[in-house]
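Given the coordinates of chain A, assemble chain U onto it according to the supplied hints.
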Amino acid sequence: MALTVTSRTLGSVQVIDLSGEIDAQSLPPLEAKLQELTEGGFYRIVLDFGEVPFIASAGLGVLMSVIGTIQDNGGDLVIARSQSDVYRTFDLLDFTTLFKFSDTVDAAVAVFEDAVGVQDH
Amino acid sequence: MSDSDKGPAPSLKPVTVSLPSDVNYLDVARNFVSDIGHKVGLSAAEIHDLQLAVTEAVTNVIEHAYAGDTEQRIDLAIERDGECFVVAITDTGQNRFDPAAHPDPDLKEYLSQCRVGGLGLYLMRKLMDQVEFTSDARGVNQVKLVKHIKP
Numbered sequence: 001m002a003l004t005v006t007s008r009t010l011g012s013v014q015v016i017d018l019s020g021e022i023d024a025q026s027l028p029p030l031e032a033k034l035q036e037l038t039e040g041g042f043y044r045i046v047l048d049f050g051e052v053p054f055i056a057s058a059g060l061g062v063l064m065s066v067i068g069t070i071q072d073n074g075g076d077l078v079i080a081r082s083q084s085d086v087y088r089t090f091d092l093l094d095f096t097t098l099f100k101f102s103d104t105v106d107a108a109v110a111v112f113e114d115a116v117g118v119q120d121h
Numbered sequence: 001m002s003d004s005d006k007g008p009a010p011s012l013k014p015v016t017v018s019l020p021s022d023v024n025y026l027d028v029a030r031n032f033v034s035d036i037g038h039k040v041g042l043s044a045a046e047i048h049d050l051q052l053a054v055t056e057a058v059t060n061v062i063e064h065a066y067a068g069d070t071e072q073r074i075d076l077a078i079e080r081d082g083e084c085f086v087v088a089i090t091d092t093g094q095n096r097f098d099p100a101a102h103p104d105p106d107l108k109e110y111l112s113q114c115r116v117g118g119l120g121l122y123l124m125r126k127l128m129d130q131v132e133f134t135s136d137a138r139g140v141n142q143v144k145l146v147k148h149i150k151p
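Quick note, the sequences are listed as chains A and U, same order. Note that the numbering used here numbers the first sequence so that position 99 is 99, with each residue one more than the last. Note that the numbering used here numbers the second sequence so that position 143 is 143, with each residue one more than the last.
In isolation and in its complexed conformation, chain A is listed as follows (with noise of 0.2 Å):
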């Protein structure tokens, strides 16, 4: 099962739709995205889970390999809606505790602003 990766920009922030299985094989398309972002300054992602069953640990170390990098430039990385048995991955190699989660990507975003809020202050 391919990959789909595509994204969209909803004010200051970055989101990356994905739907299709996450591994090995398919990864390449969300890295490459990732380094587009992050190389073009991009670092408000929201990553939009919804359509995505399943992910192997080789896709969490594609979110491992920018979050430095996104976080040392003062933004961060919000995983949107991801589904039970995808949250249950992430949970046992405790990245939720290096990723924020949103139920929906509109909260997602609002992560953003109220953090833009927060510094207009």
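One thing to keep in mind: the hints can contain errors.
Away from chain A, derived, C-beta distances all over 12 Å, residues of chain U [to be verified]: (1) Lys13; (2) Val15; (3) Asp22; (4) His38; (5) Val40; (6) Asn60; (7) Glu63; (8) Ala77; (9) Arg96; (10) Gly118; (11) Phe133; (12) Ala137.
Between beta-carbon pairs, the in silico distance windows are [stated by the list, open to error]: (13) Asp75(U) - Gly68(A): 46 to 56 Å; (14) Ser12(A) - Glu132(U): 24 to 34 Å; (15) Asp94(A) - Pro99(U): 42 to 52 Å; (16) Gly117(U) - Pro29(A): 14 to 24 Å; (17) Thr4(A) - Lys39(U): 37 to 47 Å.
These are calculated hints, taken from the structure and not from any lab test. Only a predicted model underlies this, so the values are computations on that prediction, with no experimental measurement involved. Backbone N, C-alpha and C fix where the C-beta goes; we use that ideal spot for every residue, glycine too.
Structure of chain U alone, referenced to chain A:
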């Protein structure tokens, strides 16, 4: 049908499939596990755990035992032994896996250092009730994943 009407769990004769040592077939391995899991009445959660453990095991074989050589073979054999659902993954790679050399990582330290990779075996151990590695004198390596099935 209520649980009390289910009767004895379906038995399963051993089923095997042989795959190329290529990540392009990871989804085939998962589908194989899913098909057989459904056939013997495993829950969706049990099937997912087995699919994840098998994906990690096969990925390890491809990347480590065969060092990325896509021209080799990986055999998957599934059987049900009583309340145990067993998936045996067999390869003939030259790089034998030594589980003793891979203790479980300290996740807090791992995450704080943003390290990448090396979590496959840990996941297998977390997901399965038993993970066994063997190698014989003929150069055949096997990892056996055992999941206890709830009746």
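Status of the hints after comparison with the structure:
no., hint, result
1, Lys13, "holds, 27 Å"
2, Val15, "holds, 22 Å"
3, Asp22, "violated, 8 Å"
4, His38, "holds, 15 Å"
5, Val40, "holds, 19 Å"
6, Asn60, "violated, 10 Å"
7, Glu63, "violated, 7 Å"
8, Ala77, "holds, 21 Å"
9, Arg96, "holds, 21 Å"
10, Gly118, "violated, 9 Å"
11, Phe133, "holds, 18 Å"
12, Ala137, "holds, 30 Å"
13, Asp75(U) - Gly68(A): 46 to 56 Å, "violated, 39 Å"
14, Ser12(A) - Glu132(U): 24 to 34 Å, "violated, 51 Å"
15, Asp94(A) - Pro99(U): 42 to 52 Å, "violated, 21 Å"
16, Gly117(U) - Pro29(A): 14 to 24 Å, "holds, 19 Å"
17, Thr4(A) - Lys39(U): 37 to 47 Å, "violated, 30 Å"
Comparing the model with each earlier hint shows violations of hints 3, 6, 7, 10, 13, 14, 15, 17; every other hint is respected.
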